Amino acid sequence: RAGERGEATASRQRSAMVGARAAPKTAQAPPLSPPFLPLTEPLVHGGQREGYDGELTLTQAIFSVTNIIVGVAVLSVPFALKQSGYSALLLILIVISITSTTGKWIGACIEMAARCKEAAFEPPNAWDYNFLARISIGRRFGAAIGAVTVAELWLALVTLTLLNSRNAAVLGVASEASVVATGALAVVLLFVPAQAYAYLSLLSTLAMVACVVVIVAATFTMGHWACPYRQLGEAAFLRPENIPRSIGIITFCFAGHPCFPAVKTGMKSPSKWDTCMDISFLVAFVYYASFGLLGYLVFGMGLEETITENLTVVPGALLCQTLAAACCWVKVQLTLPVLLNAIVVSVSPPREGQPLWGPLRVMLAFATAALLVIVALALGDKVAAVASLCGSFAVMITSVIFPAVVYVALSYRFQPEKMAQAEILEPCFMIAFGTVMAVMGTYLAIKDLVA
1346 RAGERGEATA SRQRSAMVGA RAAPKTAQAP PLSPPFLPLT EPLVHGGQRE
1396 GYDGELTLTQ AIFSVTNIIV GVAVLSVPFA LKQSGYSALL LILIVISITS
1446 TTGKWIGACI EMAARCKEAA FEPPNAWDYN FLARISIGRR FGAAIGAVTV
1496 AELWLALVTL TLLNSRNAAV LGVASEASVV ATGALAVVLL FVPAQAYAYL
1546 SLLSTLAMVA CVVVIVAATF TMGHWACPYR QLGEAAFLRP ENIPRSIGII
1596 TFCFAGHPCF PAVKTGMKSP SKWDTCMDIS FLVAFVYYAS FGLLGYLVFG
1646 MGLEETITEN LTVVPGALLC QTLAAACCWV KVQLTLPVLL NAIVVSVSPP
1696 REGQPLWGPL RVMLAFATAA LLVIVALALG DKVAAVASLC GSFAVMITSV
1746 IFPAVVYVAL SYRFQPEKMA QAEILEPCFM IAFGTVMAVM GTYLAIKDLV
1796 A
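Plus 1345 on top of the position in the sequence shown (first one is 1) and you've got our numbering.
Just so you know, these hints were derived from the structure itself, not from any lab. Some clues are possibly wrong.
Result set (DSS-like, lysine-lysine): computed pairs, CA atoms no more than 25 Å apart in a straight line [as the list claims (entries may be wrong)]:
#1 1792 with 1727
#2 1449 with 1613
#3 1617 with 1449
Bear in mind the structure is a predicted one, so any value in this text is a computation, not a measurement.
The task is simple: from the sequences and hints, build the whole structure.
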């Protein structure tokens, strides 16, 4: 029996071996794909759950956005009316309508971004322009928009430095000395702790308010206003050859769209983002349109590139002239370190566990400021042309074209049923408008710079 059991056991083993050889090999599972596929349920329910753990109320969000888009660029808006006539008021309305719409699309893009697996690997406060570019089109697009954003910051630095040299000239300081001092002081203020700089930011805002109030008060002391229609007739209403230049200057006023994602993700009630946009841009329209119209009515074709220079011809307005130039100088000088820091962070972001201002980042800050001084000295008094170049090229891309492109790309990815033919027309129009104005405005700005 023992022999029979051993033979049976051997027979079973041979059968098992034959079966194993005959059995087909099991296909190995492919490696997991990178997490670039949409979820069936959103990670953050933008419309169903209020907030991304943010703390900003609607009022605070409105103040934040208004502070971003309402600034010292208003001093060049009257010059835009000088270029294109009263029709520039319509241009202001058009630019605000477009940029407020693209601002709403940025909010919609944040909501759709919350539905992708990439969002699980980055906190909401890191959902910036680069993040939106990467998840919508790809990493190369993210790198490209990052480069354009740095270019926008750089051109804004140059524009504001030239603007400050104009204000310094009103105060009796040589433009060259002002440019050097502005660059040096911007680097020094870069190392002020953030908590202390918050109070300087408040001083900056108050200085801008005081500057506008003083300029308005000075105009009402004048016994005679230019009233361009009496001088020019119908030419005071429209000069079409300058429309791209004026659009560039006006668009420069709305160079803050890359900051919008941080405000959106910081809200307690992100579903109120569109309301925030509507109110903030309404305030901006009143601010820019009323100040630009007043400056054009008062000084007409005698307007300088910054209206503070026109106060020098107002009889008995020496005090107003000095106060306006000084307040504007303070506002610009306290804004420059913020832009300079943004450039340094973009090129060399701080690393965890290392000093905030290591030798490399300090050298980069000084090199950027030195280059700023050299470029500003070379450009001299062409502040309007630089502002138009920044608005036409960089801001047109970051505030008009980029939000429209990302909105379309993410909508096709997450909400294809909503991208009907009628709904695709508006972003396509924005892209076309931005592209045409960017090309024409950039060409004319460069032509003015080299003239």
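Against the structure, the hints come out as follows:
Simply put, residue 1792 and residue 1727 have alpha-carbon atoms about 12 Å apart, close enough for the 25 Å limit, and the pair holds. Taken as a hint, the residue 1449 and residue 1613 pair is honoured in the structure, with Cα atoms around 17 Å apart against an allowance of 25 Å. For the suggested pair residue 1617 and residue 1449, the alpha carbons sit about 10 Å apart, so the restraint of at most 25 Å is met.
Checked against the numbered hints given earlier, this structure breaks none of them.
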